[in-house]
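S.K.: Chain order of the listed sequences is A and B.
Each step along the first sequence adds one to the number in the UniProt record's numbering, with nothing skipped, and position 152 is 152.
Each step along the second sequence adds one to the number in the UniProt record's numbering, with nothing skipped, and position 311 is 311.
These are computed hints drawn from the structure, not numbers from a lab.
Quick caveat: nothing in here was measured; it's all calculated off a predicted structure.
For each residue, glycine too, the CB sits at the ideal point set by N, CA and C.
Worth double-checking, as some hints may not be accurate.
Selected chain A positions facing chain B (Cβ under 8 Å, derived; list incomplete) [as the list claims (entries may be wrong)]: (1) Glu86; (2) Met98; (3) Met109.
Derived DEER-like restraints, expressed as beta-carbon distance ranges [what the hints assert, rightly or not]: (4) B:Gly20 - A:Thr292: 48 to 56 Å; (5) A:Glu183 - B:Arg215: 55 to 63 Å; (6) B:Ser22 - A:Ser321: 53 to 61 Å; (7) A:Ala135 - B:Ala17: 21 to 29 Å; (8) A:Arg144 - B:Arg206: 56 to 64 Å; (9) A:Asp197 - B:Glu103: 18 to 26 Å; (10) B:Arg320 - A:Ser22: 25 to 33 Å; (11) B:Gly147 - A:Asp197: 56 to 64 Å; (12) B:Gly20 - A:Arg144: 29 to 37 Å; (13) A:Ala39 - B:Pro286: 34 to 42 Å; (14) B:Ala182 - A:Asp179: 33 to 41 Å; (15) B:Arg275 - A:Gly270: 49 to 57 Å; (16) A:Asp276 - B:Ala209: 41 to 49 Å; (17) A:Pro286 - B:Arg275: 25 to 33 Å.
Protein chains: 2
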Amino acid sequence: MKSTHVWRRPTLGAVAARAGVSTATVSNALNSTGRLSEATRQRVLAAARELGYAPASTARALAHGGSGVLGLTMTTYGDLPVPYTEIPYYAQLALGAMAAAHERGYMLMVMPSSLSPWMWLNTPMDGVIHVAPRAEDPVRSLLRERGIPMVSEGRPPQPRWGDAWVETDHEAGLRLLLDHLAEAGARRIGLSQPLHDDEYPGQVGRAYASWCAERDMPALVEEYASMPDYFTAERDAVSRLLHRDPRPDAVIGIYSDSGHNILAAARDHGLRVPRDLLVACISEDPDYAMTTPPVTTISLRPDRVSDEAVDLLIALINARSGVDRRRLVQPVLAPRRSTRRPVRQRNGAR
Amino acid sequence: MKSTHVWRRPTLGAVAARAGVSTATVSNALNSTGRLSEATRQRVLAAARELGYAPASTARALAHGGSGVLGLTMTTYGDLPVPYTEIPYYAQLALGAMAAAHERGYMLMVMPSSLSPWMWLNTPMDGVIHVAPRAEDPVRSLLRERGIPMVSEGRPPQPRWGDAWVETDHEAGLRLLLDHLAEAGARRIGLSQPLHDDEYPGQVGRAYASWCAERDMPALVEEYASMPDYFTAERDAVSRLLHRDPRPDAVIGIYSDSGHNILAAARDHGLRVPRDLLVACISEDPDYAMTTPPVTTISLRPDRVSDEAVDLLIALINARSGVDRRRLVQPVLAPRRSTRRPVRQRNGAR
Numbered sequence: 001m002k003s004t005h006v007w008r009r010p011t012l013g014a015v016a017a018r019a020g021v022s023t024a025t026v027s028n029a030l031n032s033t034g035r036l037s038e039a040t041r042q043r044v045l046a047a048a049r050e051l052g053y054a055p056a057s058t059a060r061a062l063a064h065g066g067s068g069v070l071g072l073t074m075t076t077y078g079d080l081p082v083p084y085t086e087i088p089y090y091a092q093l094a095l096g097a098m099a100a101a102h103e104r105g106y107m108l109m110v111m112p113s114s115l116s117p118w119m120w121l122n123t124p125m126d127g128v129i130h131v132a133p134r135a136e137d138p139v140r141s142l143l144r145e146r147g148i149p150m151v152s153e154g155r156p157p158q159p160r161w162g163d164a165w166v167e168t169d170h171e172a173g174l175r176l177l178l179d180h181l182a183e184a185g186a187r188r189i190g191l192s193q194p195l196h197d198d199e200y201p202g203q204v205g206r207a208y209a210s211w212c213a214e215r216d217m218p219a220l221v222e223e224y225a226s227m228p229d230y231f232t233a234e235r236d237a238v239s240r241l242l243h244r245d246p247r248p249d250a251v252i253g254i255y256s257d258s259g260h261n262i263l264a265a266a267r268d269h270g271l272r273v274p275r276d277l278l279v280a281c282i283s284e285d286p287d288y289a290m291t292t293p294p295v296t297t298i299s300l301r302p303d304r305v306s307d308e309a310v311d312l313l314i315a316l317i318n319a320r321s322g323v324d325r326r327r328l329v330q331p332v333l334a335p336r337r338s339t340r341r342p343v344r345q346r347n348g349a350r
Numbered sequence: 001m002k003s004t005h006v007w008r009r010p011t012l013g014a015v016a017a018r019a020g021v022s023t024a025t026v027s028n029a030l031n032s033t034g035r036l037s038e039a040t041r042q043r044v045l046a047a048a049r050e051l052g053y054a055p056a057s058t059a060r061a062l063a064h065g066g067s068g069v070l071g072l073t074m075t076t077y078g079d080l081p082v083p084y085t086e087i088p089y090y091a092q093l094a095l096g097a098m099a100a101a102h103e104r105g106y107m108l109m110v111m112p113s114s115l116s117p118w119m120w121l122n123t124p125m126d127g128v129i130h131v132a133p134r135a136e137d138p139v140r141s142l143l144r145e146r147g148i149p150m151v152s153e154g155r156p157p158q159p160r161w162g163d164a165w166v167e168t169d170h171e172a173g174l175r176l177l178l179d180h181l182a183e184a185g186a187r188r189i190g191l192s193q194p195l196h197d198d199e200y201p202g203q204v205g206r207a208y209a210s211w212c213a214e215r216d217m218p219a220l221v222e223e224y225a226s227m228p229d230y231f232t233a234e235r236d237a238v239s240r241l242l243h244r245d246p247r248p249d250a251v252i253g254i255y256s257d258s259g260h261n262i263l264a265a266a267r268d269h270g271l272r273v274p275r276d277l278l279v280a281c282i283s284e285d286p287d288y289a290m291t292t293p294p295v296t297t298i299s300l301r302p303d304r305v306s307d308e309a310v311d312l313l314i315a316l317i318n319a320r321s322g323v324d325r326r327r328l329v330q331p332v333l334a335p336r337r338s339t340r341r342p343v344r345q346r347n348g349a350r
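Just chain A, with the same shape it has in the complex (with noise of 0.2 Å):
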């Protein structure tokens, strides 16, 4: 036992009394609702911490043994302890959970990227998201042995019946952007491919080759090791596309700092951007608002996967029927310079 301390859970009609208000006034004044004075709201709240009242959502998790705690765990760099909290899609995934789990009551334990059994073993969750799943992933066997509800942020590798997951429209998002880049007049769009055992650089390279395929362009990829540095493996995967002959007019890549390998690859090879070639990239880096020039991305939308995940999960918690455990987020084009067709060039030429 953890404290023999007990602690009695103050009802709403306490804080009513204590506040000589109704209970409605109560519920209004926790919950930013009905009309009420400032100093009747001042009031109910006092009461309520006087009495040290919780909303009703902590109070119902906690009802039944439950933690009151949602998990947040990455596993897609295995036993690399890479602070994914400083890759901006990660990032805002992890601030939007906090936001998503705090609005329902819950509260959020953010684990470390490298797997450690203890921490499952000695930490009580009520469920879990689980961030970018891989192939025969440790953690799904984890909690899945311990049956723990779970919530996939992207779809797993070998997804099983029952498995529940969030993950953004990927072939949606990337239709987005190679449509953009045909309108400013792109014919051969080259794509900077990552090679990693999560779903998401194969979902993106099947809805890029279908895409081709429709509109009889050619598929033009090279692709490189996403571990250990990203960096320089990309940069040089865009130096062969921009060797091939006839050069690409585009280049798109898909992770957070693609854009930038991109610029700089262009760089390298003396090409001017967008004169000379397009380039985009899927990202949440505001710092892509600012570069030179500006890169039109696609934003993954990570604040409404955050949401979708915490608000699945906890409707698993509670065992919820007629959810819907497969859910999408539509992604969003972001236009930004580096894809804006120069005015005078291809006038009649194609």
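Based on these hints, arrange chain B on the given structure of chain A.
M.R.: Just chain B, lined up with the frame of chain A:
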């Protein structure tokens, strides 16, 4: 008891034996030190993963009944369930704490801003980082009662002997900003000052007053209520400053949105920034690089604050002696166009 499953900790030697290398090589592979081939490193990581080896810091945290969990909480807003992760300073603080905790083998439990005593009673934590403590803060009393090591972000209003905290040097930050404005030609600098029961507004206010006295400049202060909505309240306060005669030639604010609020009030008064009025604030909001005009800011370095706080908390948990329990982080000035002295005017007029 949560689980009857007993996990036997694999040793460094067991990992070495399985990978067929020396323990020094295992250590190098896990800590990214020394010179190893990628193949060897991968073999060691695979062996460590198969055995469920945990980094020593995690193992150490858990060895003596520790939970391996650090808590992060904030009660500045009391029972108002504020999504503090949407405020850039707190978002960066939370992300920094995650990275720092993970780097040292700990998990980070992020708690909602509204207070629920259950959470504290049911959740095992080795220590807690308490953000922006208020006067008579209920969280401090709870943690003290339970004997949980605690580090505050920001000095508590009534510090006791032995209290531990990390804070930005607010006096240094304000002097940096005021000196910068004086160099840009400002002689009447107004301060828009929030009322709130943490220490921050008072620290800034005292630094402002003593700087003005030293420089023999007028102290021009307008106060506003920081709750429930400081947007309107601060715009009104700035408006009162701008109605003074003679008018201030610069206005500074100390909250994240103050720059936006001051720009809005200046527009209402038909003043152009920086020609008619210099504007600056204390904020981590990256948007100030793109406002019209871009606004000069002081950064409180939440990344450094959280790193120091995690470091200090782990020292307290391990009862290390000779630990510096009160740590200062130096703020940084980001000068932008809102405080650039216009070239033509003021030539000899003063």
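S.K.: Hint by hint, say whether it matches the structure.
M.R.: Cross-check of the supplied hints:
no. : hint                            : result
1   : Glu86                           : holds (7 Å)
2   : Met98                           : holds (5 Å)
3   : Met109                          : holds (5 Å)
4   : B:Gly20 - A:Thr292: 48 to 56 Å  : holds (50 Å)
5   : A:Glu183 - B:Arg215: 55 to 63 Å : holds (58 Å)
6   : B:Ser22 - A:Ser321: 53 to 61 Å  : holds (56 Å)
7   : A:Ala135 - B:Ala17: 21 to 29 Å  : holds (27 Å)
8   : A:Arg144 - B:Arg206: 56 to 64 Å : holds (57 Å)
9   : A:Asp197 - B:Glu103: 18 to 26 Å : holds (25 Å)
10  : B:Arg320 - A:Ser22: 25 to 33 Å  : violated (53 Å)
11  : B:Gly147 - A:Asp197: 56 to 64 Å : violated (45 Å)
12  : B:Gly20 - A:Arg144: 29 to 37 Å  : holds (31 Å)
13  : A:Ala39 - B:Pro286: 34 to 42 Å  : holds (38 Å)
14  : B:Ala182 - A:Asp179: 33 to 41 Å : violated (54 Å)
15  : B:Arg275 - A:Gly270: 49 to 57 Å : violated (42 Å)
16  : A:Asp276 - B:Ala209: 41 to 49 Å : violated (58 Å)
17  : A:Pro286 - B:Arg275: 25 to 33 Å : holds (29 Å)
This entry does not satisfy hints 10, 11, 14, 15 and 16, going by the numbered hints stated previously.
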